[in-house]
Amino acid sequence: MEELDVLKKDWNKINNYPRVSEQEIYAMLHKNSSSTVKWIFIISIIELSFGIVLGIIMSFTKFDAENIKLLKGLGIYDYYRFSNVVIYIVILYFITRFYIMYKRVSTTDNTKSLMNNILKTRRVVKNYILFNIITFAVLFISLGSYVFEKGMEKGFLENGGKANEISLSFHLISFGVFFIVATIFVGLFWLIYNLIYGRLLRKLNKNFNELKKIDL
8 MEELDVLKKD
18 WNKINNYPRV
28 SEQEIYAMLH
38 KNSSSTVKWI
48 FIISIIELSF
58 GIVLGIIMSF
68 TKFDAENIKL
78 LKGLGIYDYY
88 RFSNVVIYIV
98 ILYFITRFYI
108 MYKRVSTTDN
118 TKSLMNNILK
128 TRRVVKNYIL
138 FNIITFAVLF
148 ISLGSYVFEK
158 GMEKGFLENG
168 GKANEISLSF
178 HLISFGVFFI
188 VATIFVGLFW
198 LIYNLIYGRL
208 LRKLNKNFNE
218 LKKIDL
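Each position in the sequence shown, counted from 1, maps to that position plus 7 in the numbering used here.
Check each hint, because a few of them may be wrong.
Calculated cross-link-like contacts (lysine-lysine; reagent style DSBU-like; alpha-carbon spacing at most 35 Å) [to be verified]: (1) Lys220 <-> Lys210; (2) Lys45 <-> Lys127; (3) Lys38 <-> Lys210; (4) Lys133 <-> Lys210; (5) Lys38 <-> Lys110; (6) Lys213 <-> Lys127.
Since the hints were derived computationally from the structure, they do not count as laboratory data. Just so you know, these numbers come straight off a predicted model, no measurement behind them.
With the sequences and hints as input, model every part of the structure.
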């Protein structure tokens, strides 16, 4: 956007420089918007690749083997695998959308279409961030609290207790603990997403506002 600011200054210095045309301003905004959407697409691929590589690395660890054994013992391993498949499919859908939006922004040849595509891109990115954060929170709270409760229940029964002796307060406390922890992690994820994608969205929003001035 530094180049655009320079052009705008030149535009106002009529006595010293030739007046910069709206077409030149549009060309700069178009180029900047295309570059921004391309980076959104690239970062989403890097994010997915990081998750896949991390998952592969973790699959060779004892920690992962113990988790699989625990999930199978609780009878929820298949549900866990299915949820992972669904999540990856949805993420691939969003990445495909980012690519489509990048191509649309790159080939746009008028102000209104560019503004419309910027709005659509911002909406897709916000939905992508929302999906990731909500999915993490739901899985962490539901799966984590379930595994925790079943583990505690198993230990309780092995020590001579009875399942019906586990109080409602115990279930509520375990859920509450995971809810608080999930809230903290969601906050951290939001900060990371806001730092990365938020910066790019702000650039698109600035471009959109500049385009509105041209379109008036």
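Structure versus earlier hints, numbers of those that do not hold, lowest first: Hints that this structure does not satisfy do not exist here, as all of them hold.
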